[in-house]
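Engineer: Now for the letters of each chain:
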Amino acid sequence: MNALFKRDLITIKNLSKAEIDIILNLAQQYKITPPAPSLSNKMIAHCFFEASTRTRLSFETAALRLGAKTIGFDSDQSLSVQKGETLTDTLKVISAYADLIVIRHAKEGAAALAANLIECPVINAGDGANQHPTQALLDFFTIKECQNEINGLSIALVGDLKYGRAIHSFTQMCAHYDIRLYLLSPEHLSLPTSICDHLKKQGVRFSYHQDLAEIISKIDILYITRIQQERFTAPQSELFKNPYVINMELLKNAKANLKILHPLPRVNEIDPEVDHSPFAYYFAQAANGVYVRQAILTLLLNEFLP
Amino acid sequence: MQFNGKKVLILGSGGLRIGQAGEFDYSGSQAIKALKEEGIYSILVNPNIATVQTDADAAMADEVYLQPLTLPVVTAIIEKEKPDGIFLSFGGQTALNLGLMLYDTDVLAKHKVSILGTRAEAIRQTEDREQFKQGLACIGVKTPQSMSANTVAEAALAAKQIGYPVMMRSGFSLGGLGSGKIPSESVLQERAQECLAAAPQILIEEYLTGWKEFEYEIVRDRSGNTLTICNMENMDPMGIHTGESIVVAPAQTLTNREHQTLRNIAIQVANHFNIIGECNIQFAINPKNGDYRVIEVNARLSRSSALASKATGYPLAFVAAKLALGWHLHEIKNSVTQKTCAFFEPALDYLVVKIPRWDTHKLKSAGRTIGTEMKSVGEVMGIGRSFAEALQKAVGMLNIGASCLSDYPHHFNDPEEEIATPTDRRLFALYQFFLRGNTVSKAETLSNIDPWFLARIAEIAQFQNKLKQEAFSTHLLRQAKQLGFSDKALARLYKQDEQSLRKTRVAAGIYPVVKQIDTLAGEYAAETNYLYLTYHGQEHDVQFNVEKSTDVILVLGSGPYAIGSSVEFDWCAVNTSRTLRKLKKRAILINSNPETVSTDYDESDRLYFEQLTFERVQDIADLEQPGGIIISVGGQIPNNLAVPLANAGYPILGTKAKNIDCAENRERFSALLAQLDIAQPAWQSAHSVESAKEFAQSIGYPVLVRPSYILSGAAMNVAYDADALQEFLAAAAQVSPAHPVVISKFILDAKELEVDGVALNGNIIIDAISEHIENAGVHSGDATLVLPPHNLYLETIRRTKKITREIVRALEITGPFNIQFIAQHNHIQVIECNLRASRSFPFVSKVTNHNLIDIATQAMLGIKSNKHYQTLELDYVGVKAPQFSYQRLKGADPVPHVEMASTGEVACLGDNLYDAYWRAWLACEQGMTQKHLLVSIADHYKAKLLPFLQKLDQLGWHLYSTDGTHAYLSKNGVGSYFVYKTSEYGEPHFHTVIAQRKIDLIINIPSNQISSTQTDGFKIRRMAIDHHIPLITNPQKAQIMLQCLIDLWDKKLPVRSWREIVCHESINTNQVEQQL
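Which chain is which? The protein sequence lines are A and B, in order. Under the numbering used here, the residues of the first sequence are numbered 25 to 330, in order. Under the numbering used here, the residues of the second sequence are numbered 1259 to 2334, in order.
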């Protein structure tokens, strides 16, 4: 019996360390040997109320490779929502068609609301500035892949730490490991206090820094995010222009094993010249999304593993 | 087999602490003397710089390593020195445990070093309770029913089987640390957890409280010849640690048959373990039916063997060393009696009483009750011809304000309570109990003490009541003296002053006679120079000079070890005696402390094992007619006799008594400083609470509160506001009602330094400046000293030297002195001046390689020296670090402050401050195995420590921190694991990480020195101590410590001997071997 069967995945907090290991190990297995199509009789709905390219396509690819059928939309422009339908009504209707709903929404808490409302499993593919658990799982899958071991690593989180939902889920993952975090963000975009408090109590060591050059030689993973422009008005976003840019000059002092991760899309945080360096790992990271999501879909929809 | 090696390594015992004190300076020194006599090259490892055994003196070891007694360091020394043999039994439990580690790790086998004396397997059988019990069961010897446990659950099961109450003991420990009565399962859970944090194994045993307790000291040679040298009886029965008991030798309440039974068992046990050398066996005897248990065997020299040695005059440690080298008992000469060989059991025609000396009252919030854990810091031994005489003599030796039982300064409202729940004051409570007419049998019910002892104490009390009722008569006076009453107490009872009573007594022909320690039962004439005085006797055993001779010098020793007065003063007395003898003077020594080297038979021309009281020193001086009395090398006890002895017309050597008084008396000293235009902290002698508060207000808080005559900061305190002042004043007035209370400005954020030196007729011969690492406010005895100073302005040094010259000249100092200063920038203030040898004398002497005591002794004899002594520009650094015993003192706040709390010291030499500090820290039984550090730092000090913590974070250290520190660190780029404080709920909790031993060092810097047991800080500190986790509480020390962790933590320390560092001599091993 698989403990994750019929469960929702709204936040990393839903998962135990053992369950995380099951997901990451299965993803690893799928990366080596593509799985048999175990979801051929399943219908998966991808409800993207907010625009997305990578996440949606990655989920759809995962579903299709597992033999599932998919329905869905990638913007709320075309929906009845526009006609005044409530989110709850929309989801109720869709749940009647689908065995699992993948939801992305601009409002924090939307995925949790959906999970409470409907019977079938719900996967949060990003709810506003809140959480993005599958991203964090694929991030950690990638870290393990490029560094072999997660415990004992020094990781810098750089960029918009306040609104970056990938970051928030990432920090929840950290609680399960012995990790040393370096936090770098523009002044008004630092990690929310509640998250810091959580990290503290979960035994994660962290410290705040201003200058990336100062810590570049200490870290094993550099995780950088873009400024979430869509969360600000135009004049605000000018204010929060990203002060952190990674280029080869900065990387001169980096440890040999340093890998740079980015949930993508990037704006100007990483100089394209870095793409050809051994430090760049963000495209490999994006590619890993499919394996991790395959693992998640398999576990949520199969009572016994195929 | 006879040992035919050429080089022997001796392990010492390190810094003095509760449970392991000066007795091991005695045993180590005798072992070295035995090696010297054999022509064997001796190498000593001991970081205790204040000991006699670590002297460069020709009589001592050939090579001395002032290095930590740790496995890596001693291994390196073995690799370097390649000794043929090793002595493990002369440095207490420390040496024994370290020796077993060297054996287990095959270091000894690899370097072909043989353990001399009792073999390692046998030592382990005596140490491991399970093996011990089984071994003795095999030969039909009874031991307490007991079970060992490695976990709390196992302990609980064992206790259930034996039945509550049970006794818990911790294996491989010193002085019974962690042992105690466990009445219930819940107590067991807590205590077992605590004990298992310190030791791998604990014992749950049958509860024998109330049984009588005896000890036998055994010597045995390699052919199995065995002797019992001494048997001793604890007046306090089982339930009170031997180190906490009043002990009598020989045993008083055994019948001959019982004694022979125990003696035979003791010999059987020594044979079973194949002891070669010395061992000590403890028995418990059921007073109801005579049933016995063997409690413990120490296959090494111990505190009890030191006592037995001093009690009998039998040089146990010396003989044990010879036996370990393969000699037989009959082949060794008894150098004390000169008449006998060592194969002769001493027979005593006197008895001795040992009383422990406690200082628990000096440590705020530490409990005073005594029990199965040792708390006492020293001991005295009274020798007499009756129990009463010996007991009362011992009381007068304690230096606790009582000259005998009758004038103990504390009156008990409820002596019964004190007797039933014993504290350090039980003896006096018993006395007052009997004074009030209570019965022996009632006292027996309350205390379980054998009625024989109680009856003797009751007799003394009854006699005091009789004295009060009856008219004065010489007959009564003689009886009083035979019972051990002091002149001082009798004078008080007769409402006279002490000197006039003395006159009356002498006029009546009542005076003590001098007796030799005669252990030969009249079979031979004793020829020992080991002496005591008694009122039970007709004539002196020895001859005296009729006329005063300038060649006879009386040296007053240190008395009991106590906080503030320890082995350093024994070192001073021994060195004084050695210099006197080199100068062809006749050195006569007086001391009352059995844990000393100065009371060894061969360290003086005559030894009086006697009280250091005005009365007794006069008695001896009147007989010996010395040309001079040296009172300035034994610490404060003899120093306090300067004025009365001088007033009575006795010749004091060195600085004039009136000038000593000038330095001791605050008013007079202050006036002198004012006259010399030397700055001092503002102070006033206040006679009322109001005037004290008024003055404190005018100079500003914090203020220091203290009585005018001080010993080791007793009753000193710091008041940070008017309320605190009021509270302290009440306590201080109780301490010394005769003297007003002194209020002085408490200076913070200033450096403290001291000058130790020697002068002749007001001119300095030698002086050395040491710097305190801790800022002002920590008692100089608890401070970490650096010599030469590393962080002083040249101008500060220049001004300090100038002030020193002025004071020395004004007080016309001759002999040793010590002056303490506070320096803020270049503003120098004088805080204290002692016209005697200070506790830093051995440190300064051994770091500079100029023996200050030797120089001082010559100065006191008027011998001029034109030598120039260099003490500032040394190309190495000495660091002296305090050794604390907080583990034994449950409840005491382990923050050094104005009252001294350390029980000993160590010192190491290094290339620089950090090298020396790190070694000294390791030498205080501290150590770390993992890079895990917990920090909890008051706001004021956070910024100062930040750079070090940043560096450690980079170096991969795991830092843990409490809330405020955590926030500060993370803001400043340092990641740390957060832990909840003790007052908070939630995990990860401070308590948990400590209990799980995730922390290797705790740095807890409180905001000030106010001691409160209610704060989180206190709980953190106390837990650190109780779980044996090294703790740093001082911000300046923390800075140095953190730098040491950065630079030295996992480095292999190169080892150099004292001679190699100080004399720049490198040992050429080949050369040494050729010489041999």
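Simulated from the structure, these hints should not be mistaken for laboratory data. Among the clues, some could well be false.
Stated by the list, open to error - Estimated spans, in silico, between C-beta atoms of each pair:
hint	chain 1	residue 1	chain 2	residue 2	range
1	B	V1445	A	Q234	32 to 42 angstroms
2	B	K2189	A	Q234	25 to 35 angstroms
3	A	N26	B	Q2254	29 to 39 angstroms
4	B	K2189	A	L274	22 to 32 angstroms
5	A	A42	B	T1363	53 to 63 angstroms
Said to hold, decoys possible - Keeping only pairs whose Cα atoms sit at most 30 angstroms apart, straight-line, the calculated DSS-like set for lysine-lysine is:
hint	chain 1	residue 1	chain 2	residue 2
6	B	K2256	A	K242
7	B	K1338	B	K2239
8	B	K2256	A	K168
9	B	K1951	B	K1914
The beta carbon of each residue, even a glycine, is placed where N, CA and C say it ideally should be.
Engineer: Hint by hint, say whether it matches the structure.
Structural biologist: Here is what the structure says about each hint:
{"no.": "1", "hint": "V1445/B - Q234/A: 32 to 42 angstroms", "result": "54 angstroms, violated"}
{"no.": "2", "hint": "K2189/B - Q234/A: 25 to 35 angstroms", "result": "27 angstroms, holds"}
{"no.": "3", "hint": "N26/A - Q2254/B: 29 to 39 angstroms", "result": "34 angstroms, holds"}
{"no.": "4", "hint": "K2189/B - L274/A: 22 to 32 angstroms", "result": "29 angstroms, holds"}
{"no.": "5", "hint": "A42/A - T1363/B: 53 to 63 angstroms", "result": "40 angstroms, violated"}
{"no.": "6", "hint": "K2256/B - K242/A", "result": "24 angstroms, holds"}
{"no.": "7", "hint": "K1338/B - K2239/B", "result": "47 angstroms, violated"}
{"no.": "8", "hint": "K2256/B - K168/A", "result": "26 angstroms, holds"}
{"no.": "9", "hint": "K1951/B - K1914/B", "result": "37 angstroms, violated"}
In terms of the numbered hints stated before, the structure departs from hints 1, 5, 7, 9, listed from lowest to highest.
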